[in-house]
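The whole structure should be built from the sequences, with the hints applied where relevant.
Spelled out from the first residue to the last, the chains are:
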Amino acid sequence: MTNEDRLKRQKSIRNFSIIAHIDHGKSTLADRILEKTGALTSREMKDQTLDAMELERERGITIKLNAVQLKYTAKDGEDYILHLIDTPGHVDFTYEVSRSLAACEGAVLVVDAAQGIEAQTLANVYLALDNDLEILPIINKIDLPSADVERVRQEIEDVIGLDASEAVPTSAKAGIGIEEILEQIVEKVPAPTGDPSAPLEALIFDSYYDAYRGVVASIRIVNGTVKVGDKIRMMSTGKDFEVLELAVATPKPLRQQELTVGDVGTLSASIKTVGDVRVGDTITLAKQPATEALPGYRKMNPMVYCGLYPIDAAKYNDLREALEKLQLSDAALEFEPETSQALGFGFRCGFLGMLHMEIIQERIEREFNIDMITTAPSVIYHVTTTAGEVLHVDNPSKMPDQQKVEFIEEPFVKAAVMTPNDYVGAIMELCQKKRGTFVDMQYIDTTRVKITYELPLSEIVYDFFDQLKSSTKGYASLDYELIGYQQSRLVKMDILLNNENVDALSFIVHRDFAYERGKVIVDKLKELIPRMQFEVPIQAAVGTKIVARSTIKALRKNVLAKCYGGDISRKRKLLEKQKEGKKRMKMVGSVEVPQEAFMSVLSMDED
Amino acid sequence: MGIRAAYVHIPFCEHICYYCDFNKVFLKNQPVDEYLDALEREIELTLKQYPTDHLETIFIGGGTPTALNEPQMQRLMEIIQRHLLPLTGDDLEYTVESNPDGVSEEKLDIMKTGGVNRVSFGVQSFDDGLLERIGRTHREAKVAQTLDAAAKRFNNISVDLMFGLPNQTLDQVRYDVTRALQLPITHISSYSLILEPHTVFAIQERKGKLPLPTQDLEAEMYQVMIDTIEAGGYAQYEISNFAQAGKESRHNRVYWENDEYYGFGAGSHSYINQTRRANIAPIPHYIKAEGLPVRKETPLTNVERMEEEMFLGLRMKDGVSFERFRTKYGVAFEDVFGDVMKRLLPNGLVEQTETHIRLTPAGIPLANEVFAEFIGEAQVQ
Chain A
1 MTNEDRLKRQ
11 KSIRNFSIIA
21 HIDHGKSTLA
31 DRILEKTGAL
41 TSREMKDQTL
51 DAMELERERG
61 ITIKLNAVQL
71 KYTAKDGEDY
81 ILHLIDTPGH
91 VDFTYEVSRS
101 LAACEGAVLV
111 VDAAQGIEAQ
121 TLANVYLALD
131 NDLEILPIIN
141 KIDLPSADVE
151 RVRQEIEDVI
161 GLDASEAVPT
171 SAKAGIGIEE
181 ILEQIVEKVP
191 APTGDPSAPL
201 EALIFDSYYD
211 AYRGVVASIR
221 IVNGTVKVGD
231 KIRMMSTGKD
241 FEVLELAVAT
251 PKPLRQQELT
261 VGDVGTLSAS
271 IKTVGDVRVG
281 DTITLAKQPA
291 TEALPGYRKM
301 NPMVYCGLYP
311 IDAAKYNDLR
321 EALEKLQLSD
331 AALEFEPETS
341 QALGFGFRCG
351 FLGMLHMEII
361 QERIEREFNI
371 DMITTAPSVI
381 YHVTTTAGEV
391 LHVDNPSKMP
401 DQQKVEFIEE
411 PFVKAAVMTP
421 NDYVGAIMEL
431 CQKKRGTFVD
441 MQYIDTTRVK
451 ITYELPLSEI
461 VYDFFDQLKS
471 STKGYASLDY
481 ELIGYQQSRL
491 VKMDILLNNE
501 NVDALSFIVH
511 RDFAYERGKV
521 IVDKLKELIP
531 RMQFEVPIQA
541 AVGTKIVARS
551 TIKALRKNVL
561 AKCYGGDISR
571 KRKLLEKQKE
581 GKKRMKMVGS
591 VEVPQEAFMS
601 VLSMDED
Chain B
608 MGIRAAYVHI
618 PFCEHICYYC
628 DFNKVFLKNQ
638 PVDEYLDALE
648 REIELTLKQY
658 PTDHLETIFI
668 GGGTPTALNE
678 PQMQRLMEII
688 QRHLLPLTGD
698 DLEYTVESNP
708 DGVSEEKLDI
718 MKTGGVNRVS
728 FGVQSFDDGL
738 LERIGRTHRE
748 AKVAQTLDAA
758 AKRFNNISVD
768 LMFGLPNQTL
778 DQVRYDVTRA
788 LQLPITHISS
798 YSLILEPHTV
808 FAIQERKGKL
818 PLPTQDLEAE
828 MYQVMIDTIE
838 AGGYAQYEIS
848 NFAQAGKESR
858 HNRVYWENDE
868 YYGFGAGSHS
878 YINQTRRANI
888 APIPHYIKAE
898 GLPVRKETPL
908 TNVERMEEEM
918 FLGLRMKDGV
928 SFERFRTKYG
938 VAFEDVFGDV
948 MKRLLPNGLV
958 EQTETHIRLT
968 PAGIPLANEV
978 FAEFIGEAQV
988 Q
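If you read the protein sequences in the order shown, they are chains A and B. Each residue of the first sequence is one higher than the one before, starting from 1 at the first, in the numbering used here. Each residue of the second sequence is one higher than the one before, starting from 608 at the first, in the numbering used here.
Hint data in this document are derived by calculation from the structure and do not stem from the laboratory. The beta-carbon is built from N, C-alpha and C at its ideal position, and this holds for glycine as well. There could be a bad hint or two in this list.
Residues from chain A shown here face chain B by an in silico Cβ test under 10 Å; the list is partial [said to hold, decoys possible]:
id: 1; residue: Leu7
id: 2; residue: Leu560
id: 3; residue: Ala561
In structure tokens:
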């Protein structure tokens with residue numbers, strides 16, 4: 001193509017994303033748009049097409065970004081090229097959302113006609129505004145009996161400050177309003193600006209691993225042009241690669257000779273190491289590199305860590321291989337080997353959040369068939385020692401002794417909870433329990449408020465979201481962001497089983513809650529750990545001081561009273577089952593400990 | 608060695624006890640005569656297919672064998688007489704399970720004439736409140752009466768006792784044992800309540816209406832039972848069974864010694880030619896069955912037989928004899944389970960003599976912990 005052709009084509013490109021609160025209809029809308037633009041025939045349509053992995057489809061959530069190139073002939077008779085970029089909706093993946101938005105000029109904002117604006121609606125809008133996107137609000141699910149389009153239109157104007165007079169009333173489910181939305185995209189979303197002849201600046205907004213192609217980068221060309229055969233450079237690492245393949249997704253991959261300004265597609269260069277393709281990084285040409293990288297690159301850091309240990313020690317290598325394979329398509333997953341006195345050889349793994357952690361765990365168990373013990377998730381603490389050193393501690397058992405610690409800082413978040421009025425008390429109580437500091441409360445409308453609290457990240461990683469949902473009958477929604485580290489009076493609590501310290505059960509707790517938590521945990525462990533042939537004392541200790549204790553009594557009776565002719569086959573099954581049961585527990589010293597025990601140290605409930 | 612034990616099942620009852628999961632139905636309107644016909648057919652066919660030289664024990668259980676009326680009981684005796692008694696000799700032990708309630712003197716006479724020389728009564732408890740709680744209709748007074756009548760005809764009588772019953776106290780357990788020891792009996796079986804699925808108790812438990820003693824209290828009750836019964840002159844010879852000298856149940860010994868036996872009747876189990884079989888349980892289907900009324904067959908491997916030898920044999924106080932093991936399996940016990948023993952001995956739950964391996968007194972209440980160790984651990988070529 002000549003430069004003139006490129007510039008002409010550029011004018012017909014529209015790059016947009018769909019942003020919304022969870023379950024407000026983002027994926028269904030994406031499906032309808034694909035249908036409308038003929039990208040897929042209705043026979044080829046599987047519900048929620050853009051969700052790639054089966055696991056995600058099962059859970060009804062999107063994890064990986066995906067982009068498709070669509071052709072649309074508008075009412076004005078002109079042909080347009082639309083790039084639709086799908087984004088994840090869960091709180092764990094905010095960075096990924098921001099990177100996909102950086103690849104767009106516009107965003108279709110989906111608001112549920114019945115629910116109205118929710119916490120993540122706002123969070124994503126702010127992200128879009130930060131990226132200077134043209135925001136097109138639409139009001140979805142008008143088919144619902146409780147839909148109130150005018151109320152929601154007003155809410156959008158009042159709460160966000162966007163002009164919603166032209167917001168398209170839509171029912172993605174019924175296919176109403178789709179064409180109007182596409183017309184608005186063509187009309188209002190600006191075409192990409194940028195110079196196809198300038199030095200190449202391509203934003204990496206996603207990556208995945210392909211068995212044949214290696215690590216594949218999903219890119220948006222901001223400036224310049226890239227062709228197959230070009231030598232490219234990753235600006236964050238300075239490494240060079242040769243472009244083997246360029247493609248766009250229609251959604252089926254379609255090979256291209258070149259990608260230029262405004263294009264959104266994939267780039268393969270036979271890259272083997274996932275670390276060489278970093279989301280947010282800029283790709284440029286080795287021959288004529290750009291002077292500055294595109295803004296906004298940030299290495300995604302895990303927020304939550306846990307220990308993964310195979311129940312069967314012989315499966316250690318299998319676990320390592322599994323983690324390596326998973327990391328190939330999930331750059332955010334981090335892991336490194338670690339040992340525990342209690343559990344043997346395993347790995348300390350870093351995740352973007354609890355959801356990320358659960359998904360990886362499930363995949364390991366399901367795809368690789370490895371039974372594991374997971375230790376309670378932990379955040380990274382900044383520990384300043386008396387010697388003046390600052391340590392980053394991601395494993396509670398590695399916390400230095402109290403005498404050596406000057407002070408400890410922990411990560412804090414600012415959490416925004418949107419809820420109906422009725423539940424304000426319950427939420428404030430919950431946040432207080434989680435060591436939260438009240439920031440403010442705003443009325444969104446006559447029935448709902450937005451409450452903002454500052455909370456330690458460690459207090460919300462485990463079950464805060466679930467507790468929030470259950471104490472508000474599911475109506476509350478949550479969004480949070482890291483706001484940095486603050487000092488807290490924290491101590492390490494150790495758990496001793498049979499007078500031996502079990503390092504894998506250690507956890508960090510606020511000094512004021514130490515006794516209470518210790519008591520809850522020793523009582524809980526007493527329930528969870530099966531009786532052995534001897535008495536097992538359980539103790540919770542801070543330093544050398546025991547703050548709580550309980551005792552698992554010795555097993556007194558495990559015998560079958562009757563065993564006559566007809567009982568023998570059943571007896572065999574019973575004994576086999578008993579034997580199997582023991583296999584699912586980890587022997588810690590001389591005590592058999594089930595998985596539930598390791599998670600129990602985080603639980604706050606007394607039941 | 609041929610098959611030396613035969614079990615016969617009579618699946619009829621006049622009342623259903625809340626804890627019972629044996630194959631049984633209410634007697635009313637049941638085709639008892641057709642059942643007995645089918646039973647006779649099964650015995651004939653079985654003996655033809657799997658003959659034996661000598662039967663040492665016959666055990667008629669249920670249900671409630673004594674729920675049969677006098678003519679039906681007579682018929683049953685005749686069937687046994689015709690087909691099984693010819694295979695027996697002077698060493699025969701012929702037991703019938705009885706309800707302490709509703710056994711007429713006439714019925715006892717019929718049994719005696721039929722060759723029965725041992726009776727086992729399901730007493731369970733002497734506490735009327737407990738009896739009602741578990742769904743039994745007899746009461747303490749009736750028990751004494753029935754047992755006196757039985758003692759006039761039989762000199763080998765056993766009673767069953769139960770502990771671990773809802774709301775039962777240690778004192779009640781003591782009372783039950785003491786009362787039992789006053790009766791003209793020779794054998795006591797004492798069982799802790801086992802909660803089985805599909806029983807009235809199971810339903811009550813699901814509804815939260817079954818207040819059972821804690822594990823620790825049950826363990827104490829068990830110990831009290833053992834101590835008191837032994838002090839009364841009965842030796843414990845198996846986990847739940849006690850007998851005066853020479854009065855152990857030889858029929859049940861066949862099970863624990865892992866030897867073969869016939870099982871006749873609806874829902875019965877048999878062990879013949881190293882294969883365990885289970886009979887069809889529903890009575891109409893049992894009656895209609897063509898050929899042998901077998902529902903399921905499980906041939907056992909050598910390893911499975913050795914494992915069963917252990918978890919059955921260790922139930923007996925004397926334990927498992929090394930010599931018997933070698934004769935039966937052609938290999939030394941030490942070679943097969945040597946490693947298991949190394950792991951078990953330090954726990955103090957089993958002990959080893961020159962001739963036997965057996966549970967220690969501490970091991971008896973924790974027997975399953977020992978038994979599980981033998982599963983999947985046999986070292987064979």
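*Out of the numbered hints, which ones does the structure contradict?*
1
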